[in-house]
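Use the sequences and the hints to build the structure in full.
Chain by chain, the residues:
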Amino acid sequence: MDDADTRPADTRLDVEEHDTPAEVDAAFRTLRRVAVWHFVLFLAAVLGVPALSLTLGWWSGARIDGGMSPGFAMAAFGLYVFFLAVGLAAATLSSAVEARMLGGAHDEGDDRPEPQDTP
Amino acid sequence: MTAAGATALVTLVTTLVLVAWLVRPRGASTVDFYLAGQRVGVATNALAICGDYFSAASFLGVAAAVYVSGLDGVWYAVGFAAGFVPVLLFVAAPLRRFGEFSIPDFLGRRLGSERVRLVSVGVVQVVILSYLIPQSVGSGITWQLLVGRGLPGLDPYGTGVLLSTMFVAALVAFGGMRGTTWTQAVQFLVLLGALVWLALAVIGSGFRYPEAVSDLSATPLANPVPGPEGWELRAETDQLDPGTAATFGEPGAAYGPLAQFALILTLVMGTAGLPHVMNRYFTSPTGTAARMTTVWVLGLAGLFYALAVMLGTAARQKIADAADDHAWLAALTTDGVLRVPEHALPVLGRLYGGDIGLAVIAAGALVAVMSTIAGLLLAAAASWGHDVYERHINPRATQRQAVWAGRASTAVVALTAAGMAMVMQPDSLAPSVPSIVAAMVTWAFAIAGSALTPVFVLAIWWRGTTAAGAVAGMLTGGLASIGMFVLGVLPVGPGIGEMLMTPTLVAAPLAAAVCALVSRVTRPPSDVDRQWLIMHGTAADRQAERLAHLTIHGPGRSRRRQGGTIHGEGTALAERQRRTSRGPQKGD
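Here the protein sequences line up with chains A and B, keeping their order. Numbering follows our numbering, with no gaps: position 24 of the first sequence is 24. Numbering follows our numbering, with no gaps: position 438 of the second sequence is 438.
Note that these hints are calculated values from the structure, not bench results. Yeah, the Cβ is synthetic: ideal placement off N, Cα and C, and Gly gets one too. Check the hints yourself; a few may be wrong.
[Stated by the list, open to error] So the derived label-pair ranges between C-beta atoms look like this:
no.	chain 1	residue 1	chain 2	residue 2	range
1	B	A320	A	R32	49 to 55 angstroms
2	A	T20	B	I393	36 to 42 angstroms
3	B	E232	A	D65	47 to 53 angstroms
4	A	A73	B	A330	53 to 59 angstroms
5	A	L47	B	L487	20 to 26 angstroms
6	A	A89	B	T15	48 to 54 angstroms
This is the structure:
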C-alpha cells in the first residue's frame, strides 16, 4: 500500500503554503531552546518542592494560613498554578516564534479565526 | 440498589448513548473513525483529553492516596498534572503537524521502518492493557458500592467490571473517535461537576482545609491492616526516618527519599507516552491548536487535582468524625478509618448527600472509568486496525473493512482487560500500596515513560534518530522497567522496593542512551529533511487556518497574502477539505 494513500491530506507537502528548509531549521533551533529552558524551569520546580520537603525542616514544619505548611500548600495547589503559567508562557512564546520566523508576512493584520468545534 | 443509584445509572447511560448517537460518524473512513475528521477544536479537545486522562486513578485514586498517605499521596496529583508540561513543550505541535493515526504510525513513518511500527504496537498494547485493568478494577469497586448486586454467577465486583467494559466497547465501536470525543467531553464535565459539588458541600459544612491538614498532622498516621483477629489500625512508619511514625502533612508515609522523586518523574515522563492521550492530538486541526489545547488541559488538570487533594484530606477528617454517628460506616471502617481507601469519595458523598450524594459520586467514578476505557479501546483499535490489519494482514482492505477491523479489536481488548481485572480482586492487593488503582496506573505510566517517551522525543527533536536506535531504545526501556517491577516485588529492603516499582528514573535515561548510541552507528532515514519541514514547519497549519477563514467568510473577504492572491481559491480549498474530512478512499 502506498503511504500517501492513507496519510491525512493536510500534512502533505503539496499545499499552497510552504516553508523553506532554512526557515524551518532556524525556527526549530529557536523552539528547541524555548522548550529546553522552560523544561529546566519546570523540572526545578517539580523536583524542588519534594527536595525542600526532605531537606528543610521549616518547609514541612512551619504553619501558614491556619495550619498548612508551605510544602503542603505548594503540592496541594501552588504547583498547578505554576504548571499553567509555564505552559501558557511556553505556548505563547513558541507560537510567536513560529509566526515571526515562518510564513513571512502571513500573519500581519491577520484576523483569521481559531479553528471551530465541529461535532 | 437505591432509587437514587438507579436513577443516576440510567441517566448516565442514556446521556452517553444519546451523545454517541447524535455525533455518530457519517462515513466509513478511517480518518473519521480514528481521528474525528481532524476537526476537533481547542476547547472540545481539551475537555475530551481530560475525560480521557482523568481516570479511576485520578478520581478515586488520588483522593485515596492522599487519604491513606497524606503528602506522599499528593505526589500522585502533582505527577499526573505535571505530565502535560513536557507534552506541551516537546510533543503536541510537532506530533500533530506530522499527522498520522497513532504512536506506532508516527514512529513507523518518521523512521521509515515497519519493524519500528510493529515493536511500538507491542509496547503500546502493553501500556494500554496495563492502563485498562485498573480502570476495570475501578468500575468493579464502584459497582459494588453503587449497586451492590451481581449478575447470576458473578459477584457485584465482577458484574461491574464486565458491564462497564462491554458498554464502553459498544459505544466506541459504534461512535469511533467522533462519538468518543463528544462523550468524553460530556463525561469530563460530569466528573468535574461531581467534584465541585462535593467540594462545595464539604466547605459549606464548615470544613477548613488548612486547619484539617494541621489537625491530621498532629497525630501519627495509622491505617487499617488485616490481622489475625480481624482488621486493626497500624501506625505508618516514616520511610525517611525509620523508627518514627509518619504524619499526614509531612513526607515519608509511603515513600523513601529516592522513591518520591522516582514516582514524580515516572508520572511526568509517562504522560507523553500514553497512546490514548497522544492519539487525541492527531484530531486537532493544526499544531498550534494542539499546543493551545494542552494549555487548557493544564488549567483544567490543576483545578481537578487541587479539588481531589482537598477532598482526600476532607475524607480523612470527616469520615473519622462521622464514624460513631453512622452505623453503615462500621462495615467499611476500622476505628473511623476506611479499609479500602478508594471508598473515600463515595463515602464522603453519602455523608453529605445521602443516597443521592453517593449516586452522584459513584456516577462520577463510573464516568471517569468509562471515558478512559473508551480512549484506551480506541487507541488499541487504531494500532491493531491501522498499524497491523491495514498494513500487514490485509493491505488491500477497503475503508469499511479497516473500520470493522478496528471495531473487532476493541471487543477483543475489552474482554481481555475485563478478564484480567476479574482475576485481580483489589481486596487482596490493597494493603500493599497507598491506592491499588493509582499504583496500577503508575505501572502503565512507567512502561510508557521508559519505552516510548524517550524514543518519541528523540524522533521529534533529533534528526539522527534511526529505526535501529528506536527499536533498541524501546526494547531497553520496556524490558528495564518490567525487570525493575519484578525486582520491586521481591523483599529488597525499605525504600528500594518502592523506587523499583517506579522505574522511569533509571529506565528512561537508559532507553534514551541506547537509542542515541545505536542511532550513532546506523543511518537515519534519507528523507529526514522533508520530514523536518512537515513536523517543524507551519505551512500546513497556515493552510488549514486559511481554509477555515475561507469556509467561514467565503472568498469575497479574502485578501492579498504573501505567496499569491487567494481570491478564487475557495472552491479548490473546500474540495481539498472535503477530501480530507472524508479521508483517503481506497482505490481513489
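Results for each hint:
1. A320/B with R32/A: 49 to 55 angstroms: 51 angstroms, holds
2. T20/A with I393/B: 36 to 42 angstroms: 41 angstroms, holds
3. E232/B with D65/A: 47 to 53 angstroms: 36 angstroms, violated
4. A73/A with A330/B: 53 to 59 angstroms: At 35 angstroms between Cβs, range violated.
5. L47/A with L487/B: 20 to 26 angstroms: At 24 angstroms between Cβs, range holds.
6. A89/A with T15/B: 48 to 54 angstroms: About 38 angstroms separates the Cβ atoms of A89/A and T15/B, which means 48 to 54 angstroms is violated.
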